[in-house]
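Asks: Sequence:
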Amino acid sequence: TTTTTTTTTFVTKLAFRVPGSTTTSTTAITSKSTFGAGRREIYRLKASSTTDEDVVTDDGTTCSLVPGFPSWQQTMLRISDPAKSIPFYTDVMGMTLIDTLDFPQWEFKLFFLTTLPEGESYDLIPGTQEAHDYMWSIDGTALELTYNYGTEDESLFEGYHSGNQDKDGFGHIAFSTNDVYASCEKMEAAGVQFQKKPNEGRMKGLAFAKDPDGYWVEIVKRAEGNTIDNEFNFSQTMLRVKDPKKSIKYYEALGMKLVYSMVFDDFSLYYLASNIDDDFDVNELSDDEARSILGSRFGPVLELTHNHGTENDEDFKHYNGNEDGRQGFGHIGFLVDDVYKACDSIREMGYGFRKEPDGGSMKGLAFAYDPDGYSVEIIKRGGIEFGDKKVES
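According to this note's numbering, the residues represented by the sequence shown are 42 to 434, in order.
Hint data in this document are derived by calculation from the structure and do not stem from the laboratory.
A virtual CB, placed ideally from N, CA and C, is assigned to each residue, including glycine.
Heads up, some of the hints might be wrong.
As the list claims (entries may be wrong) - Calculated lysine to aspartate or glutamate pairs in the EDC-like style (CA-CA distance at most 16 Å, straight line):
no.	residue 1	residue 2
1	245	220
2	431	148
3	262	220
4	286	352
5	262	226
6	431	143
7	237	226
8	421	385
9	238	220
10	125	195
11	150	122
12	208	365
13	238	226
14	208	284
15	290	389
16	125	254
17	208	364
18	283	209
19	290	352
20	251	229
21	287	389
22	125	194
23	421	378
24	358	209
25	251	132
26	396	385
27	150	429
As the list claims (entries may be wrong) - Between beta-carbon pairs, the in silico distance windows are:
no.	residue 1	residue 2	range
28	401	431	14 to 22 Å
29	354	147	34 to 42 Å
30	245	171	40 to 48 Å
31	391	430	35 to 43 Å
Use the sequences and the hints to build the structure in full.
Replies: Spelled out as structure tokens, the structure:
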């Protein structure tokens with residue numbers, strides 16, 4: 042970005058349920074037990090008690106909440122070589138490989154990683170049914186890396202499109218840390234390449250690293266006084282949107298809440314999150330308090346970037362990451378209790394489907410389109426029989 046104008050900030054609901062309790066907390070977010078069994082049980086109780094209802098969106102209108110307690114569960118990127126990408130995200134960025142799904146009949150394999158709280162052990166074997174059960178019940182968000190067999194051969198495959206070219210929709214993923222400069226020094230020592238180092242450019246104190254496929258990985262500073270012990274936590278997925286009013290309303294129908302926004306002269310940033318308490322009153326927070334809570338959050342937010350004026354251009358459209366020659370980012374995904382009921386509700390929004398629940402060879406999951414044409418996977422909480430080659434436990 043090139044603007045240097047003063048920022049006007051608007052803040053909306055931001056509250057978090059405390060594990061093992063029915064109360065909420067608006068203080069710095071604890072990082073403990075984010076993916077533990079106790080959290081998953083609370084999650085099922087919340088999901089089972091959710092009914093169809095209208096929700097008031099950020100613009101004051103109402104929309105129908107998609108039934109089945111939808112929650113953001115994944116961001117998918119295609120990778121060319123898991124032998125390079127998995128060590129980058131586990132050894133450098135501190136993620137844990139929690140599951141894999143291998144489909145030799147279709148010649149691709151999926152790797153699911155997430156940030157676990159520092160000190161929390163994970164002893165399930167990726168690819169087993171037990172790991173599947175865990176992965177499809179989490180209330181956090183995983184990074185799904187999709188590997189198509191053979192793409193590691195650079196003589197045969199030229200690589201994926203990492204985004205950030207003209208009209209690209211996908212921008213980056215992000216990780217938060219306490220000290221951007223120190224963490225980036227460690228990353229550079231480990232051989233990581235950078236698009237922007239923290240002391241470069243006009244915006245000091247944040248960086249953009251590159252993963253092995255060239256995807257931009259933003260490194261951002263956490264709020265002071267946070268309680269997160271990890272050096273890094275997965276904290277953002279950024280997508281550019283044409284019309285934020287439509288996009289925010291769509292994701293609010295999928296259970297997300299707009300938790301923070303920044304408006305500049307030429308562009309605006311909107312941050313949405315899942316599992317935010319419905320009853321929290323935004324008026325109880327100052328901008329500084331809301332910014333501090335957001336900066337202390339352990340789980341990721343969906344960052345929607347709007348370049349002003351695109352909403353008035355009838356012909357404008359972002360590339361969604363699935364076009365021939367521009368494949369890289371694939372989709373984001375949501376867990377729901379009942380895929381068919383959720384899709385009936387999503388269908389009423391009028392943006393269509395890339396894959397209906399009974400379309401194709403894999404029944405019981407769907408890919409809807411959002412207002413910008415991004416693919417949004419709808420997956421049954423608890424999982425389905427995917428037909429993958431499982432690992433013996």
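Asks: When the structure is checked against the list of hints, which entries are broken? Sort them ascending.
Replies: Hints that this structure does not satisfy do not exist here, as all of them hold.
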